[in-house]
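Generate coordinates for the entire structure from the input sequences, incorporating the hints supplied.
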Amino acid sequence: MITRQRLAAGVCALLAALATGLAVPSGAAADETADQDAPKVDLVLDVSGSMRAKDIDGGSRMAAAKQAFNEVLDATPEEVRLGIRTLGADYPGDNRKEGCKDTAQLYPVGPLDRTEAKTAVATLSPTGWTPIGPALLKAADDLDGGNGSKRIVLISDGEDTCAPLDPCEVAREIAAKGIGLTIDTLGLVPDVKLNRQLSCIAEATGGTYTSVEHRDQLTDKVNQLVDRAADPVVTPVAVEGASVCSSAPALKSGLFTDREEFAKHRYYKVDVPPGKELRASVSVSADRAVGPDYGVSLRALTTHGREIVRGEATGTGRTDVLSTGLRYPKAESEDDEETPETVCLEVANSFSPASGVKTTPGLPLELTVDVVDGADGAGDVAAFGLGRGWWLLGALVLVGFLAGLLWGWVSRWRVAVWRSN
Amino acid sequence: MRGVRVVRGVGAVRLLAAAGLLLGAAVAPAAADSPSPDASSSSSSDKDGAPTTAGTSFRTATEIEQGEKATASGSTGDYLYWSFPADLGQRPTVKATVKLPESAKRGTAQTWRVDVYDGLRRRQACQYGAQTRTIAPEASSADLTCVLRTVRGWAEPWADDPLPGTYYVRLTAVSVGSADLGLPASAEVEADSKDIGGSAAVDGSLGKPLIPGIAVTSEAEEEKDSAVLSSFDPNDGWSSGWWTDRWIWTAVGGVLAALAGIGGYALTRGGGRPRGIPPRG
Chain A
10 MITRQRLAAG VCALLAALAT GLAVPSGAAA DETADQDAPK VDLVLDVSGS MRAKDIDGGS
70 RMAAAKQAFN EVLDATPEEV RLGIRTLGAD YPGDNRKEGC KDTAQLYPVG PLDRTEAKTA
130 VATLSPTGWT PIGPALLKAA DDLDGGNGSK RIVLISDGED TCAPLDPCEV AREIAAKGIG
190 LTIDTLGLVP DVKLNRQLSC IAEATGGTYT SVEHRDQLTD KVNQLVDRAA DPVVTPVAVE
250 GASVCSSAPA LKSGLFTDRE EFAKHRYYKV DVPPGKELRA SVSVSADRAV GPDYGVSLRA
310 LTTHGREIVR GEATGTGRTD VLSTGLRYPK AESEDDEETP ETVCLEVANS FSPASGVKTT
370 PGLPLELTVD VVDGADGAGD VAAFGLGRGW WLLGALVLVG FLAGLLWGWV SRWRVAVWRS
430 N
Chain B
3 MRGVRVVRGV GAVRLLAAAG LLLGAAVAPA AADSPSPDAS SSSSSDKDGA PTTAGTSFRT
63 ATEIEQGEKA TASGSTGDYL YWSFPADLGQ RPTVKATVKL PESAKRGTAQ TWRVDVYDGL
123 RRRQACQYGA QTRTIAPEAS SADLTCVLRT VRGWAEPWAD DPLPGTYYVR LTAVSVGSAD
183 LGLPASAEVE ADSKDIGGSA AVDGSLGKPL IPGIAVTSEA EEEKDSAVLS SFDPNDGWSS
243 GWWTDRWIWT AVGGVLAALA GIGGYALTRG GGRPRGIPPR G
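So the protein sequences, as listed, match chains A and B. First residue of the first sequence: 10, per this note's numbering; consecutive thereafter. First residue of the second sequence: 3, per this note's numbering; consecutive thereafter.
Read the hints as simulated data drawn from the structure, not as lab findings. Among these hints, one or two may not hold up.
With a straight-line cut-off of 25 Å between C-alpha atoms, the simulated SDA-like cross-links for lysine to any residue are [claimed, not checked]:
#1 LYS273/A - ALA157/B
#2 LYS196/B - ALA157/B
#3 LYS101/B - ARG224/A
#4 LYS202/A - ALA298/A
Keep in mind that this is a model prediction, so the values were computed, not measured.
Here is the structure:
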């Protein structure tokens with residue numbers, strides 16, 4: 010009996026070792042470093058005549074902005090390349106054409122010299138028009154180059170006065186050409202029209218809009234935005250999907266971005282080796298006013314067009330993105346064949362543009378692709394086919410009891426038969 | 003003879019119990035530590051280490067641990083994102099509180115909603131809890147809750163059952179008047195979970211938890227500075243899926259069945275020797 014106990018204990022220890030062994034992480038692989046450039050931030054300040062108004066904590070809007078800038082310049086993290094651009098700072102006249110060109114780089118985007126930047130800010134005085142659109146275009150040029158995150162912080166107290174160039178569309182175009190550029194907006198006046206315009210600009214690029222009423226609120230918010238720029242973020246790789254699978258770009262694991270027009274679809278290809286699992290998720294951003302109900306679908310198809318699996322999402326109301334995803338574990342092949350299967354990913358959307366909204370460029374699309382180790386499929390509903398609960402115990406006890414009885418009777422009968430012979 | 007048999011039965015019970023305990027002790031720690039996110043920079047967390055910011059997209063979502071109360075200040079109309087890890091057998095509950103100061107300035111009612119997405123960015127259904135609430139102009143806060151389904155170890159690719167991995171929380175105003183856009187709003191978010199245990203233990207397991215970007219991060223050497231989609235450790239802290247209390251139930255069931263068998267057998271023997279058999283010797 011003692012030997013048996015030892016044996017059983019040994020078996021238990023073995024099982025335990027096995028279980029812990031399986032829980033222990035397997036070593037990481039090759040070293041490969043993704044170098045990222047320093048994050049860049051361009052602060053775009055409205056220096057139009059209306060900034061003279063004294064309605065922020067008793068001081069003028071300009072004074073509040075200057076104070077906020079001073080504090081922000083002090084708190085800017087070392088790694089951030091900060092620049093300052095003004096709009097409406099130089100041309101005081103009435104010529105609309107001239108006024109709408111009035112934007113200048115006050116401090117170039119680069120390593121920050123705090124004293125120099127502060128001196129530059131101190132010279133500002135409220136002057137001209139509010140050419141938001143042109144200023145944004147120029148700010149995007151200021152930030153051009155490098156693969157770090159890029160952020161524009163626009164501080165304004167009035168609507169753009171330079172129609173027909175809609176700053177909202179400008180923002181969308183900037184987002185369409187520059188990867189990872191975000192525009193955050195701050196409004197200094199609680200005004201419905203300004204709210205609408207600045208939040209439209211922010212939403213076009215995935216940024217935020219804040220309506221500021223107090224001086225410290227302005228400082229906090231700008232600081233928060235600059236800090237946010239300093240946080241490392243994965244920069245997606247731009248790809249261009251095709252309208253048919255055969256000519257689609259082949260993707261590996263990673264994060265990708267593309268543009269997809271309203272109610273159109275895009276194809277991408279991914280190679281999935283046997284025994285691996287494809288994981289794909291897609292987010293389509295509503296970067297402009299869209300119809301109230303919308304949907305997104307992601308389908309995995311074979312090269313012959315047979316659907317393997319799909320992910321669908323629908324939504325209604327205000328949203329930034331609509332996303333869905335799918336998993337496709339490719340079964341281990343029987344005959345040791347290592348040929349990967351080409352899976353076509355079809356991304357479709359059913360967003361509809363709100364009336365009067367431009368449909369180009371397409372909606373921003375973000376695609377995450379991961380090809381990882383495959384899953385162990387289930388042979389049973391329950392874990393390892395094990396049972397659980399009182400019904401199981403009852404059934405086992407009953408069966409055991411009946412078996413015992415039967416065994417007993419049979420052996421008695423056999424003994425009786427043996428005896429009688 | 004009979005006495006020995008009974009002792010053996012008791013021994014078997016002890017052995018099985020010991021086996022269960024051993025197995026439990028070996029595997030339970032792996033299930034117990036939940037994977038923790040990398041420490042975030044000091045500027046974005048308070049003195050308890052809880053994050054005080056929120057991300058603005060899936061890519062920039064702020065990582066929180068379960069049981070941690072994250073706070074964030076933002077503006078009405080912002081899309082606030084957090085992410086947390088959830089392992090198999092857990093039934094996560096996401097609680098969010100929205101606070102709107104200076105209620106007098108708001109003109110219209112706002113509706114806020116909390117959405118939870120899994121690591122594949124699929125929306126996860128809430129079993130119960132108020133996922134959406136409307137805040138009247140004179141009210142200043144609202145509590146939102148979402149109780150997810152139990153996270154399973156494995157699901158068919160065609161199902162959207164919750165699986166171990168990263169979960170995203172998105173908090174936003176889904177209906178808001180343009181006059182109220184940009185007004186300050188603050189939020190608190192907490193993700194917690196209830197351990198459901200063996201009743202939710204399914205067969206099969208994922209090769210890797212559903213952490214976005216996992217294929218890229220496991221290839222590259224772990225480097226603190228390089229940006230990742232989700233920094234929850236893909237290797238460490240996740241349940242191996244081997245341990246479930248079904249082992250105990252099944253083992254105890256087997257033991258009880260054996261005992262019942264012995265009992266049944268003993269019954270057929272009666273009190274002493276069978277009738278009609280003359281005493282030995």
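The hints, checked one at a time:
1. LYS273/A - ALA157/B: violated, 31 Å
2. LYS196/B - ALA157/B: At roughly 20 Å apart (the allowed maximum being 25 Å), ALA157/B and LYS196/B satisfy the hint.
3. LYS101/B - ARG224/A: holds, 21 Å
4. LYS202/A - ALA298/A: Satisfied, since the Cα-Cα distance of roughly 15 Å is no more than 25 Å.
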